[in-house]
Amino acid sequence: MSEYDQHAEERRGQPPPEAKVHLAKWTPWVWIVPALAIFFAGWLVVRYGFGGGDITVRFADARGLDRYSPVRFRGAKVGTVQKITIDQNLRQVVVRISMDASMNHALRKGTKFWIVEAGLESGGIGSLLGGTYVGIAPAEGEGKEENIREFNGQEYAPVLTPPEAGRTYILEARGLGSIAVGSPVLFRGIRVGRVLGAEYNDKTGVTAVHTFVVQRFASEVRRSTRFWRGGGLNVSLGGGGLSLGGASIGSLLTAPIAFYTPEVLAGDEVAAGSHFELYDSESTAIAAADGPHMTYMTYFPGNIKGLTAGTSVQMKGVQIGHVRDVKLRYVPESASLETPVIFEIDPRLLQIDVASSTTREDVRVRTNDVLQRLVQKGMRATLSTSLVLPGASGISLDMVASPGSGRLVTTTDPPIVPAASAGTGIEGALSAINDVAGRIRNLPIEEIAGHLRSTAQRLDTLVHDPILDQSLQRLNRSLADVEKITSTTRENVGPIVGSLRNAASSAESAANTVKQNVQPIVDSLRNTADSAEAAAKRAEQLMGSSARQNYDLGALIKELTRAAEAVRGLASYLEENPDALLKGRGKAK
Numbered sequence: 006m007s008e009y010d011q012h013a014e015e016r017r018g019q020p021p022p023e024a025k026v027h028l029a030k031w032t033p034w035v036w037i038v039p040a041l042a043i044f045f046a047g048w049l050v051v052r053y054g055f056g057g058g059d060i061t062v063r064f065a066d067a068r069g070l071d072r073y074s075p076v077r078f079r080g081a082k083v084g085t086v087q088k089i090t091i092d093q094n095l096r097q098v099v100v101r102i103s104m105d106a107s108m109n110h111a112l113r114k115g116t117k118f119w120i121v122e123a124g125l126e127s128g129g130i131g132s133l134l135g136g137t138y139v140g141i142a143p144a145e146g147e148g149k150e151e152n153i154r155e156f157n158g159q160e161y162a163p164v165l166t167p168p169e170a171g172r173t174y175i176l177e178a179r180g181l182g183s184i185a186v187g188s189p190v191l192f193r194g195i196r197v198g199r200v201l202g203a204e205y206n207d208k209t210g211v212t213a214v215h216t217f218v219v220q221r222f223a224s225e226v227r228r229s230t231r232f233w234r235g236g237g238l239n240v241s242l243g244g245g246g247l248s249l250g251g252a253s254i255g256s257l258l259t260a261p262i263a264f265y266t267p268e269v270l271a272g273d274e275v276a277a278g279s280h281f282e283l284y285d286s287e288s289t290a291i292a293a294a295d296g297p298h299m300t301y302m303t304y305f306p307g308n309i310k311g312l313t314a315g316t317s318v319q320m321k322g323v324q325i326g327h328v329r330d331v332k333l334r335y336v337p338e339s340a341s342l343e344t345p346v347i348f349e350i351d352p353r354l355l356q357i358d359v360a361s362s363t364t365r366e367d368v369r370v371r372t373n374d375v376l377q378r379l380v381q382k383g384m385r386a387t388l389s390t391s392l393v394l395p396g397a398s399g400i401s402l403d404m405v406a407s408p409g410s411g412r413l414v415t416t417t418d419p420p421i422v423p424a425a426s427a428g429t430g431i432e433g434a435l436s437a438i439n440d441v442a443g444r445i446r447n448l449p450i451e452e453i454a455g456h457l458r459s460t461a462q463r464l465d466t467l468v469h470d471p472i473l474d475q476s477l478q479r480l481n482r483s484l485a486d487v488e489k490i491t492s493t494t495r496e497n498v499g500p501i502v503g504s505l506r507n508a509a510s511s512a513e514s515a516a517n518t519v520k521q522n523v524q525p526i527v528d529s530l531r532n533t534a535d536s537a538e539a540a541a542k543r544a545e546q547l548m549g550s551s552a553r554q555n556y557d558l559g560a561l562i563k564e565l566t567r568a569a570e571a572v573r574g575l576a577s578y579l580e581e582n583p584d585a586l587l588k589g590r591g592k593a594k
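In terms of the numbering used here, the sequence shown opens at residue 6 and continues consecutively.
Keep in mind that a hint or two might mislead.
Stated by the list, open to error - List of simulated lysine-lysine pairs, PhoX-like, C-alpha gap at most 20 Å:
{"hint": "1", "residue 1": "Lys117", "residue 2": "Lys82"}
{"hint": "2", "residue 1": "Lys310", "residue 2": "Lys332"}
{"hint": "3", "residue 1": "Lys321", "residue 2": "Lys382"}
Stated by the list, open to error - Label pairs and their calculated CB-CB ranges:
{"hint": "4", "residue 1": "Pro168", "residue 2": "Met404", "range": "52 to 62 Å"}
{"hint": "5", "residue 1": "Asp330", "residue 2": "Ala65", "range": "21 to 31 Å"}
{"hint": "6", "residue 1": "Ile195", "residue 2": "Ala40", "range": "26 to 36 Å"}
{"hint": "7", "residue 1": "Arg412", "residue 2": "Lys321", "range": "31 to 41 Å"}
{"hint": "8", "residue 1": "Lys114", "residue 2": "Leu342", "range": "23 to 33 Å"}
{"hint": "9", "residue 1": "Ile195", "residue 2": "Asp374", "range": "36 to 46 Å"}
{"hint": "10", "residue 1": "His280", "residue 2": "Arg334", "range": "23 to 33 Å"}
{"hint": "11", "residue 1": "Thr415", "residue 2": "Thr363", "range": "47 to 57 Å"}
{"hint": "12", "residue 1": "Asn439", "residue 2": "Leu484", "range": "24 to 34 Å"}
{"hint": "13", "residue 1": "Arg334", "residue 2": "Met404", "range": "38 to 48 Å"}
{"hint": "14", "residue 1": "Asn157", "residue 2": "Pro39", "range": "39 to 49 Å"}
Bear in mind the hints are in silico, worked out from the structure with no lab data behind them.
Virtual Cβ for every residue (Gly too), placed ideally from N, Cα, C.
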């Protein structure tokens with residue numbers, strides 16, 4: 006038996022094998038590939054059948070543009086950036102853009118593309134949050150070649166066409182700032198238009214901002230209308246504390262342009278294309294508006310402390326106008342500088358009625374009359390300053406001068422309001438402090454310090470001098486001796502005083518006795534003098550009636566006369582000075 010037969014016999018002895026059946030489970034993954042294929046086919050159909058297709062735009066710089074950045078027209082998304090590459094010459098950035106089908110008719114010759122960067126200078130905080138995008142401006146006119154797929158982008162945004170009926174005005178500014186294409190135009194907080202674009206004039210250095218206002222509000226733009234850059238915060242520090250105002254959250258995001266038109270005397274409507282100046286702030290714009298506002302001029306004698314246009318003009322702490330312009334002028338006649346300051350006053354804030362039928366001449370006459378009376382009473386223009394913030398905070402019209410010492414000069418245009426000759430209030434106090442500081446600076450501090458140092462050295466030498474020490478010791482001993490003498494005198498002063506009092510009493514008694522006995526002596530002396538005078542007169546008579554005797558009677562008469570005069574003088578002296586009998590005759594004075 007072979008080996009094969011043996012194995013066959015073993016298999017026949019075993020039970021027959023049974024087949025195992027496995028049922029496979031159904032899975033949806035098998036349909037992924039067909040689904041992806043259908044989706045891709047549908048995307049191709051939508052993109053190339055219903056979309057605008059792909060275009061290529063070449064820029065000098067991508068300026069932060071990324072893949073999938075949007076393409077916007079008037080704020081609406083009309084395309085998407087698909088790819089950004091560099092050309093073979095490494096000179097340009099090639100941007101492939103997928104456009105919507107709605108823009109097929111705009112893809113023609115003359116259509117402009119530009120990149121709008123994200124930043125505050127491109128339209129406020131809203132542009133910063135919106136990101137970088139590509140702007141498009143379709144070419145104007147019909148009959149131009151369409152379905153163009155290659156474009157050259159430009160570095161700046163062009164001036165767009167007005168989107169609806171209205172008027173476009175040209176605002177002249179020194180730079181754009183945060184104003185961009187599409188920035189809103191506001192009137193009393195209402196959006197009435199938009200910025201279409203800007204152009205730079207290299208000859209004048211002025212940027213012309215094309216501003217569009219819809220037809221409904223176009224009549225509000227008149228000759229006295231003034232435009233300014235909106236969107237900033239107005240921070241003021243006054244008596245009521247710190248206050249914020251001047252802009253809403255929306256204006257902070259969009260950086261708008263606003264305009265102001267006076268309620269009365271605004272002038273006629275202006276035509277489309279009229280030019281206006283674009284001011285930097287609302288206060289400077291309102292200060293430059295005409296209407297009922299009356300302009301005046303003043304000359305401050307000293308430093309104007311950085312006074313700028315737009316600051317307030319106040320009277321008794323109430324704002325009545327704004328500073329319009331501050332200039333610096335050289336006067337060749339006196340070789341000096343002067344600072345004419347032009348400011349405006351709203352007469353309505355002084356309760357002067359101004360109606361629509363009132364002319365500017367009438368308003369000027371009435372306002373001049375009011376200010377003339379106030380100036381005659383002592384009103385002057387002064388600089389308002391603050392202790393918190395440096396520089397001048399405005400002009401204040403206050404009563405600081407003597408009545409009748411000035412007048413309003415109405416022969417010039419604008420009239421001149423006299424300024425205060427010296428600083429008042431805080432300004433005067435600061436000027437006085439500066440004057441004191443100047444005087445202190447002029448003091449010879451070093452010389453005084455030298456003298457003080459020399460004096461201190463001399464005092465030090467004197468204090469440490471041994472001779473002075475010896476002198477002080479001698480003085481101390483002398484004072485001790487004086488103290489001993491004083492003590493001895495104090496013990497014996499009682500008896501001495503008693504003796505002096507007894508002597509004074511005795512002298513007083515003797516004087517009284519003399520006074521009682523002096524009168525008889527005086528009378529006796531006067532009688533003696535009278536007798537002597539009588540004898541002298543008798544002798545004169547004998548000499549006149551008798552012949553000359555051998556003896557000299559003339560000499561005798563003279564002696565008698567002198568004796569009588571002496572006796573009379575003695576009597577008069579004793580009568581006036583009876584104490585002379587005790588004390589003797591005093592020294593002749």
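Can you confirm whether the C-alpha distance between Lys117 and Lys82 stays at or below 20 Å? 16 Å, holds
Kindly confirm whether 47 to 57 Å is satisfied by the beta carbon distance between Thr415 and Thr363. 19 Å, violated
Between Asn157 and Pro39, does the C-beta distance stay in 39 to 49 Å? 43 Å, holds
Pairwise beta carbon distance, Arg334 to Met404, judged against the given window 38 to 48 Å: 28 Å, violated
The hint says 23 to 33 Å between His280 and Arg334; measuring C-beta to C-beta, is that right? Since His280 and Arg334 have Cβ atoms about 27 Å apart, the given range 23 to 33 Å holds.
Holds or violated: the 24 to 34 Å window for the beta-carbon distance between Asn439 and Leu484? 56 Å, violated
Within 21 to 31 Å: is that where the Cβ-Cβ distance between Asp330 and Ala65 falls? 42 Å, violated
Lys321 paired with Lys382 [C-alpha distance capped at 20 Å]: 15 Å, holds
When you take the CB atoms of Ile195 and Ala40, is the distance between them in 26 to 36 Å? 53 Å, violated
Between Lys310 and Lys332, is the straight-line Cα distance small enough, at 20 Å or below? 13 Å, holds
Please test the hint of 36 to 46 Å on the beta carbon pair from Ile195 and Asp374. Distance hint for Ile195, Asp374 holds at roughly 38 Å.
For Arg412 and Lys321, compare the CB-CB distance with the range 31 to 41 Å and indicate the outcome. 21 Å, violated
Checked against the numbered hints above, the structure violates hints 5, 6, 7, 8, 11, 12, 13; every other hint is satisfied.
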